[in-house]
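Protein chains: 2
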Amino acid sequence: MKSILFSIHNQISSFSKSEQKVAQFILDHPQEVITMNADTLANKAGVSAATVVRLAKILSTEGFPGVKIQLSAETKVDDSLYTEVDPKDPLNVVKQKMEFRIGHTIEQTNVTLKDKDVKRAAQFIENADDVYAYGLGASSIVAADFQQKFIRVGKPVIQTMDTHLIATGIVQPKTVLVLISNTGETVESQKLAEVAHGHAVPVITITHDKKSPLAKKSDIVLVHDDSEENEKLRTAATTSLMAQLYVVDLLYYSYLTMNFDENALKLRESRDVIRKYFK
Amino acid sequence: MKSILFSIHNQISSFSKSEQKVAQFILDHPQEVITMNADTLANKAGVSAATVVRLAKILSTEGFPGVKIQLSAETKVDDSLYTEVDPKDPLNVVKQKMEFRIGHTIEQTNVTLKDKDVKRAAQFIENADDVYAYGLGASSIVAADFQQKFIRVGKPVIQTMDTHLIATGIVQPKTVLVLISNTGETVESQKLAEVAHGHAVPVITITHDKKSPLAKKSDIVLVHDDSEENEKLRTAATTSLMAQLYVVDLLYYSYLTMNFDENALKLRESRDVIRKYFK
DNA sequence: TATTTATTTGAAATTTAATTTCTTTTTTCT
DNA sequence: AGAAAAAAGAAATTAAATTTCAAATAAATA
Numbered sequence: 640m641k642s643i644l645f646s647i648h649n650q651i652s653s654f655s656k657s658e659q660k661v662a663q664f665i666l667d668h669p670q671e672v673i674t675m676n677a678d679t680l681a682n683k684a685g686v687s688a689a690t691v692v693r694l695a696k697i698l699s700t701e702g703f704p705g706v707k708i709q710l711s712a713e714t715k716v717d718d719s720l721y722t723e724v725d726p727k728d729p730l731n732v733v734k735q736k737m738e739f740r741i742g743h744t745i746e747q748t749n750v751t752l753k754d755k756d757v758k759r760a761a762q763f764i765e766n767a768d769d770v771y772a773y774g775l776g777a778s779s780i781v782a783a784d785f786q787q788k789f790i791r792v793g794k795p796v797i798q799t800m801d802t803h804l805i806a807t808g809i810v811q812p813k814t815v816l817v818l819i820s821n822t823g824e825t826v827e828s829q830k831l832a833e834v835a836h837g838h839a840v841p842v843i844t845i846t847h848d849k850k851s852p853l854a855k856k857s858d859i860v861l862v863h864d865d866s867e868e869n870e871k872l873r874t875a876a877t878t879s880l881m882a883q884l885y886v887v888d889l890l891y892y893s894y895l896t897m898n899f900d901e902n903a904l905k906l907r908e909s910r911d912v913i914r915k916y917f918k
Numbered sequence: 640m641k642s643i644l645f646s647i648h649n650q651i652s653s654f655s656k657s658e659q660k661v662a663q664f665i666l667d668h669p670q671e672v673i674t675m676n677a678d679t680l681a682n683k684a685g686v687s688a689a690t691v692v693r694l695a696k697i698l699s700t701e702g703f704p705g706v707k708i709q710l711s712a713e714t715k716v717d718d719s720l721y722t723e724v725d726p727k728d729p730l731n732v733v734k735q736k737m738e739f740r741i742g743h744t745i746e747q748t749n750v751t752l753k754d755k756d757v758k759r760a761a762q763f764i765e766n767a768d769d770v771y772a773y774g775l776g777a778s779s780i781v782a783a784d785f786q787q788k789f790i791r792v793g794k795p796v797i798q799t800m801d802t803h804l805i806a807t808g809i810v811q812p813k814t815v816l817v818l819i820s821n822t823g824e825t826v827e828s829q830k831l832a833e834v835a836h837g838h839a840v841p842v843i844t845i846t847h848d849k850k851s852p853l854a855k856k857s858d859i860v861l862v863h864d865d866s867e868e869n870e871k872l873r874t875a876a877t878t879s880l881m882a883q884l885y886v887v888d889l890l891y892y893s894y895l896t897m898n899f900d901e902n903a904l905k906l907r908e909s910r911d912v913i914r915k916y917f918k
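Chain order of the listed sequences is B and X. So for the first sequence, my numbering puts the first residue at 640; every next one is plus one. So for the second sequence, my numbering puts the first residue at 640; every next one is plus one.
Incorrect hints may have been included.
Identical chains share a label here; the pair holds if one copy fits it or two copies do between them.
Claimed, not checked - Using 25 angstroms as the maximum straight-line C-alpha spacing, the simulated SDA-like pairs for lysine to any residue come out as follows:
#1 Lys696 to Phe899
#2 Lys683 to Gln659
#3 Lys850 to Thr700
#4 Lys736 to Asp865
#5 Lys758 to Gln650
#6 Lys736 to Gln747
#7 Lys905 to His648
#8 Lys849 to Thr674
#9 Lys850 to Ser687
#10 Lys755 to Asn676
#11 Lys850 to Asp756
#12 Lys736 to Leu644
#13 Lys758 to Val912
#14 Lys727 to Asn766
#15 Lys758 to Gly685
#16 Lys755 to Asp725
#17 Lys905 to Glu713
#18 Lys856 to Val724
#19 Lys736 to Gln762
#20 Lys813 to Asp754
#21 Lys915 to Glu827
#22 Lys794 to Phe664
#23 Lys736 to Gln787
#24 Lys727 to Leu644
#25 Lys727 to Glu901
#26 Lys696 to Glu671
FYI, nobody ran anything at the bench for these hints, they're computed from the structure.
Work out the full structure: start from the sequences and follow the hints.
As structure tokens, this is what we get:
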């Protein structure tokens, strides 16, 4: 289903004068139109109801009610301000708010994350012989997920919190370092980035702050959204965690499709070995 | 704007018998309802149009057309097949599809997960002296997240893949065991559940299959959605992982708010100690 | 258990909204 | 300028939604 607003925007010059008035009103006030009937919209646009209906027929096979339904589908109210979780909220309200927040975070990450950065990062990993992943706290969870996903497609990743071990590992050539840090301020990560640079090892960083110290020390910065939750309530904001995991997933996907048949085979083997020996 | 499907789900038991038929039909086929008129829906649900309209009045101030519009707003093309990620998809398409899938998974989890189960589980954890968490593969990531979240609010959780260690741990009284298994078929988890039952230790299971062997051996089953992704492509489906993490987050939230002031304080201390000594 | 009362339900009537028809007005093209 | 075509609105029609009311069912009371 293509966007009706987009479609109006594209076709508007082909409409008649009165139809254009209606079309423009819809473009300017899509949210309001949803609650109007054809008569009201006609008055607002300064035309007759027949014109509204005629335009509606062009835009939707279901006539004017169909236009309202399509508008409703794409004009979701952004009530992000009202979705902050409060300790007094009952669980069912929390669920609703979280649902919205998570959706919003992924949506935003889709905007901030640059496709070409993801692809370049996947290429770096493809080229490397050894991949090291590092993250502390909630980011260690993401690092572990990163490790799991890539090991399953035959790309071994070393994930450890032992910075000394990583430092000694990345002095080798054909190595890549993946750093995960929500704030981009973790000192250990910064130190590792410096070591990497001293040995021409590419640094891929997953963070929400592209201007952070760590980001500046990285070759590729994969930026995810971070819809600042109630700080009092949740340090390890689950939305941020999900955004990071989402970035890892896209990176993994990008890598996977570079040599899809080969990697899919490895993936199948991984699954089969579990099925055969552990179930 | 609150979710109309969610609202139907919550209120359905308060509806009359005929209204319930209509409500159930809407829950089962929201996408189709959007293109129906009240009469058609009445026929499909086996009731009269008057009943459909009566129910619509409960659900929306704008009557039946209002219900359709609200459904349209939240039922953005529920074509799961259409959103299945394909290896040939370019990254920007993958992003769109994933955004939809993740949103859908969380939404569905909100429906399948029972609030009272979450609260009971939180109560079990509150009552326990020792909490053990176990999961393998992608579920180990979830177990790790579970551990992190609860340690931060002063509730130590032991998370290990060493089944023998857990088995020896849960022979102690005032212990609770949290098992995470997407399929609910992991044999190690089942064994641990049996051990727990032999020692009157409550078992909380996070799984997508409430009829799985593990679910049957558990005291509380927290069921999350699992929108079966392209099996060839992704074994450790990220949407399932996110659904599990989401369940953990709700459980954590539920626990947190049982003694909010006290737990918020502990949370603050956790954060301060990191700030002070590690940054 | 029988009887009354309240609730639920669907058929029919009514109202409201959408759509079509038809006439008038405006525009376009000789 | 005048004829033809297109656009627009008023009024008529049709379709959909809603309300009313009487019958049926369920719940409560004696």
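Looking at the structure, which of the earlier hints fail to hold?
-> Violated hints (numbers, rising): 1, 3, 7, 8, 9, 10, 13, 15, 17, 18, 22; every other hint is consistent with the structure.
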